[in-house]
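Sequences are here, hints too, so could you generate the full structure?
Order-wise, the sequence lines are chains A and B. Using my numbering, read the first sequence as starting at 5 and increasing by one per residue. Using my numbering, read the second sequence as starting at 5 and increasing by one per residue.
Any given hint could be a false lead.
Coverage of chain A stretches by chain B, computed from C-beta distances (three or more under 8 Å per stretch; other residues unrestricted) [what the hints assert, rightly or not]: (1) 40 to 50; (2) 59 to 68.
Pair by pair, the computed Cβ-Cβ distance ranges are [stated by the list, open to error]: (3) B:Gly1028 with A:Gln14: 43 to 51 Å; (4) A:Ala40 with B:Lys949: 18 to 26 Å; (5) A:Gln14 with B:Glu213: 33 to 41 Å; (6) A:Leu61 with B:Glu213: 25 to 33 Å; (7) B:Asp931 with A:Ala40: 50 to 58 Å; (8) B:Ser951 with A:Gly81: 57 to 65 Å; (9) B:Ala1018 with A:Ala40: 14 to 22 Å; (10) B:Arg55 with A:Thr36: 40 to 48 Å; (11) B:Arg1168 with A:Asp7: 50 to 58 Å; (12) B:Lys1186 with A:Thr36: 37 to 45 Å.
Hints listed in this document are in silico derivations from the structure and should not be mistaken for laboratory results. By construction, the Cβ of each residue, glycine as well, lies at the ideal position given by its N, Cα and C atoms.
For reference, the chains in residue letters:
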Amino acid sequence: MADKLRAQQQLEALQARYIGIGSADTTKHEWTSNIARDSLSSYVGHPPLLQYMSIGLGQTREKTRLQLLERMVRPVGPPPEQQD
Amino acid sequence: MTSFSSMSLYALTVKQPTATQDAISGDFLGNGKQQILTASGSRLAILEVSRRQKGFQELYSQDVFGIIRRIAKFRIAGGTKDHIVITTDSGRLVTYEYMPDERTFKTVHFETFGKSGIRRVVPGEYLAADPKGRAIMTASTEKNKLVYILTRSGQTDIAISSPLEAHKPQTLVYCLIGLDVGYDNPMFATLEVDYSNSETDPTGEAYDELKKELVYYELDLGLNHIVRKWSEPVDRTANNLFRVPGGPNAPSGVLCCGEDSITYRRIFNNKSSVRRLAIPRREGATEDPNRKRIIVAGTLYSLKGGDFFYLLQTEDGDVFKLTVEATNGTVEKIKIKYFDTIPVATSICILRAGFVYAACESGDRILYELESLGDETEDPVFESDQFPVDPDAAFAPPFFSPRALTNLTAVETMPSLNPIMGMEVANPTLEDSPQVYTINGTGGRSSFRTTRNALEVLDLIESPLPQNASDVWTTKLTIEDETDTLIVLCLHSRTLVLKIGDDVEEASNTGFLPDTNTLGVQQFGEDCIIQIHPKGIRHIQGIQFPNEDASATHASLTDWQPPAHRTIVACATNNRQVAIALSSGQILYFECDSDGSLAMAEEEIALDSTINCLAMPDVPEGSVRAFFLAVGCSDQTVRIFNLSPDMEGNILRSISVQALTSPPSDLTINLMSDKSPRGYSQFLHIGLRSGVYIRSVLDEMTGDIGDTRRRFLGPEPIKFAKVTVAGEPAILAMTSRPWLGYTHPRTGVLQLTPLNYISFKSAWNFDGSQFKGIICVSANELRIFTFNDLTDNTTYENIPLKYTPRKMVGYHDQGVFYVIQSDNNTLSAETRQQLIAEAGVKNAGDTDGTNGSMEMKQANGDATNVSSESEELPAIDFGYPRSQGSWASCIQVVDPVTDKAVIHTVELKPNRSLVSAALVFFESRGDEAFLVVGTATDLSFTPYKFSGASIQVYKILQNGRELEFFHETEVSEPPLALLAFKGKLIAGVGPHLCLYDCGMKSVLRKAQAPNCVATRITDIKTQGSRLVVSDQAQSVTYVVHKDQVHPNRLIPFVDDTVARHTSASEMLDYESTVGGDKFGNIWLVRCPQKVSESSDESPDGSDLLVDKNYLGGTANRLDLVAHYFTNDIPVSIQKTVLLSGGERVIFWAGLQGTLGALIPFNSRRQHKMFQQLELQLRSDDKPLSGRDHLAYRSYFAPVKSVIDGDLIERFLVLSRDKRESVAGQMTGAEWTPGMIDEAIWNMRGLYAF
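Have a look at this one:
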């Protein structure tokens, strides 16, 4: 029993520390948002990728960076209605 | 059992990436001057800008083997130089000090804070240092922020604290800066969005109400604690912060830039103390007056006496000068004024010396000189009083008209291939070695470049000669002279002597024998000159020019004649010795007597074979004679004889013999710097008739030959000239073209580079009083030239293009390239002209000119008034007028061979974009050549949308120099890939692969493989009946074409296991494909032998059709052969030869300007050595970024069968003892550092450059 509690505590600590560690209650919306945010932040963070996209879009890197960051706010639309 | 992979590659970077990630100015050397630190790709470089040289000089650069994300500098109180701090993907914060004497970066701190890789919550995306050097803050895009405190411990050490956390979950960071607060507690400001409310609100209202906040973090140094001190909502579009100087009587605070707004804010402010400016917009017929700009780059510059200003750049490239009016630390007004327009930059650095460095996003980096601070120009000034503080409130938008550079002048450009959009190695000019053709740049700064491996030469003098000359020498008159006085030219059986003075004129009465060929000229003894000609040696003593004119006097003349019926065929001389070879195979040896005359030795050498050439080193300092004579014989040997008496007192004894592959054509011996403990060694250079150049070390004591480098230079016999280049001895080797052999200034290894110059047959060092250089004769021209820079071994030729180039197709028979160009969000030429015409009509009607903008223009002067209204601004400086969602496209024919210009342009209709191109010879149309292009109408990405797509066919006329529209065919999706295939056209139309033939009115589909790939076909390559089809996201699929059945079949039969976002591909052989993906990997996949064979077995492919699909793909899978992370997106890959006489390599070009080569190993022993060396260097020379090298090269997938040549070449610059220790730890065979150097040299020297 103590082991189980401890495992639970450890999991919670990890969930607080690292975003994206799911649990049994993770919704599809949370899961997909998380993936999308990870991808977007990777596009912003890898310089060649950001440049590649900027050239495709015909705009400056700063503008692309801003747009990608903006998309991180709500990457997959609003969360679904809570059903009790 | 060890198993070996069948293929192993050596990855070399030929040209470093030039896309600047970040650039900052600072004093990293500690010499009181400013340098620029730039980060590009994985390389850190320090550039020096000096007024004396009028330009850049790269002081130092090093690969850190990590993805550099941000750089910053800090200087701790009392420090004398700026330290560097970088964040990379290593999960570590690393700080360096540059040690100018040792020329290294010394790691000061090495703090691990998180996981490696570029992740959402691992800090490193943002980095800021306190201006007083007391703290460093680093943040991730979401949640995490860490602060490190820096303190001085002891006299020189800087201690770093463990990190303080300032995390805030569900918060995105847009920008981070360190505030200037003087000596108060360090403060940092960030732009943040807390999205937690929106996460739980299904209605979406919370999302609309999200605020962007400007947050101040204070580091309490007393409590060792970081607090979120204050936050205030700012403009939702804010993207950038700039710090405002603080301290006594200075305002402190930030400039917060967003879309169409720049606000001044400070901590604890109220709404009334906020000052806001709108960003001025461009005026002009083609500009949308409602388009808002953002600030993309900028810099603060503080003048002496506390004044300061900002240069802020908008996305159009317009630079504004922003000044702050502050009295007693309170900001009353901020003002903005148009400054100049320069290309859009990632970073702008202003140097105290009055230079502005723009690290341009695309194209060459430019250095400007500040002519004035922009106070004199008559551009309108806008003040914060004019604008409401609330960005949503209405206001009159400010306008300005862009004009040519006034406050800045471009001083120098640093050639930069970034971004490369396409590359092809070809040789339409029929030179010795192929050239690299690239399409580069974006928008108006696009270009077509030819890159050659050659040294740029600076021509000093060009003068005609009365007749063709075959040889040239320069000589001093006496041993004490510092500069050369005479030029001796050997014309056709005539010798001409010229005197170098203010003018070069023919010298008379010099004593030289005029009516003969000359073989050699040497300043001999104290004040004598000897002329060696086939019939003897003339010894002239005491040549003088007493009257400052060209008539000389000389003291005495003696002639030595060879024995009867013999002629002199070769000679070698130095100041005290002469050796001549006679036609009979004898070598006679002379030394300088006490009175300067020639004394013949009693001994002589008699050889059986004819003697081709002789060489003798210069007299070593402190000796009376050189010790060795090298003799090149026609029996394919080089023999070394001693000139100083040996143990028994004999001279002219054979010491060593070197056998060659071909008779030697020339020999020379000189001292060149190298990596030996003494810093230089004596080298014997051997040139062969076959065009092979050999350089060996000739031991100065024993005369032994060793440490040999060999390379083919050109198909003609080699001749040498000893020269001095950049103060270092070098060797000029002349064959089909001239080459320079020199010691690389950084790595200290031999570098052989051809000159970007005419070919010549004779050259000599030239030491004039005004300049030093190299003199050469080519036919009836005399030229003197020198070198600019020995560090860059490539030259560029540049042809400007119109829009962002997308693809190019070469028509090598005609020496032209077709480049398709499209610009997104840009007004097309037609619309632009229409708008200008409309504006012209309107202006003609509106004769009063009463509106404000007209008055303003008149004030600017008449010239701008006319030009801005009737003509477009040159796009190369100002870019094109933007318009959301529209496209401008054209096809250009570029001739880089003869005209070196664009020779034909086809402009496309508005909103069409060009996506692919191919040169096709349709079987059904005879010999005619066609250019086929794929177009898309109203294309937009995320989501991928278009309103139409077509394949256009153009007839190629006038030897490839003109295009005539032939017909156009609508297709279902944009054809992103086109290729000529078996006299037809194969096209990737969306995911379908279609085969077309050319009809009279349209292209006609002959076969189709529907849904051949999963996403979209982006590239097709072919060999025989096999097609390699690349998918945008799903790697490559092999397709076989079966033409024995009707209708023809296209059958996909093998695909990949990994989803690679293919960006480039090339077939290496019938089974293997090398490709690159959007994440910066290069990989090599191979089709299993059996699958490959069975695909070609049946003529109608019926057995392939019955194969069951496996897991939603084709029936078979490819095997991965090699994988390598390059940190740059490969845009083109080609299997090609790079050097004349070289072997084939895989050559690739990366988006950020990288040119790289993958060289296959051809010996197991060599491969094993490099493998061990790489392993050793990984641990003994740990990457500077703190990243594990193996992990870096395995960024997305484990590195496989590729050895990192860039890491291997670090061996060349390691310290001596480290080299010894690395070499000592290698097993298998006895490897000395010299042998390893040779192996490394061979990998680069024989395959790439």
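For each hint, the structure was consulted:
| no. | hint | verdict |
| --- | --- | --- |
| 1 | 40 to 50 | holds (count 7) |
| 2 | 59 to 68 | holds (count 9) |
| 3 | B:Gly1028 with A:Gln14: 43 to 51 Å | violated, 59 Å |
| 4 | A:Ala40 with B:Lys949: 18 to 26 Å | holds, 20 Å |
| 5 | A:Gln14 with B:Glu213: 33 to 41 Å | holds, 37 Å |
| 6 | A:Leu61 with B:Glu213: 25 to 33 Å | holds, 28 Å |
| 7 | B:Asp931 with A:Ala40: 50 to 58 Å | holds, 54 Å |
| 8 | B:Ser951 with A:Gly81: 57 to 65 Å | violated, 25 Å |
| 9 | B:Ala1018 with A:Ala40: 14 to 22 Å | holds, 20 Å |
| 10 | B:Arg55 with A:Thr36: 40 to 48 Å | violated, 57 Å |
| 11 | B:Arg1168 with A:Asp7: 50 to 58 Å | holds, 53 Å |
| 12 | B:Lys1186 with A:Thr36: 37 to 45 Å | holds, 39 Å |
In the structure shown, a violation is registered for the earlier hints numbered 3, 8, 10, in ascending order.
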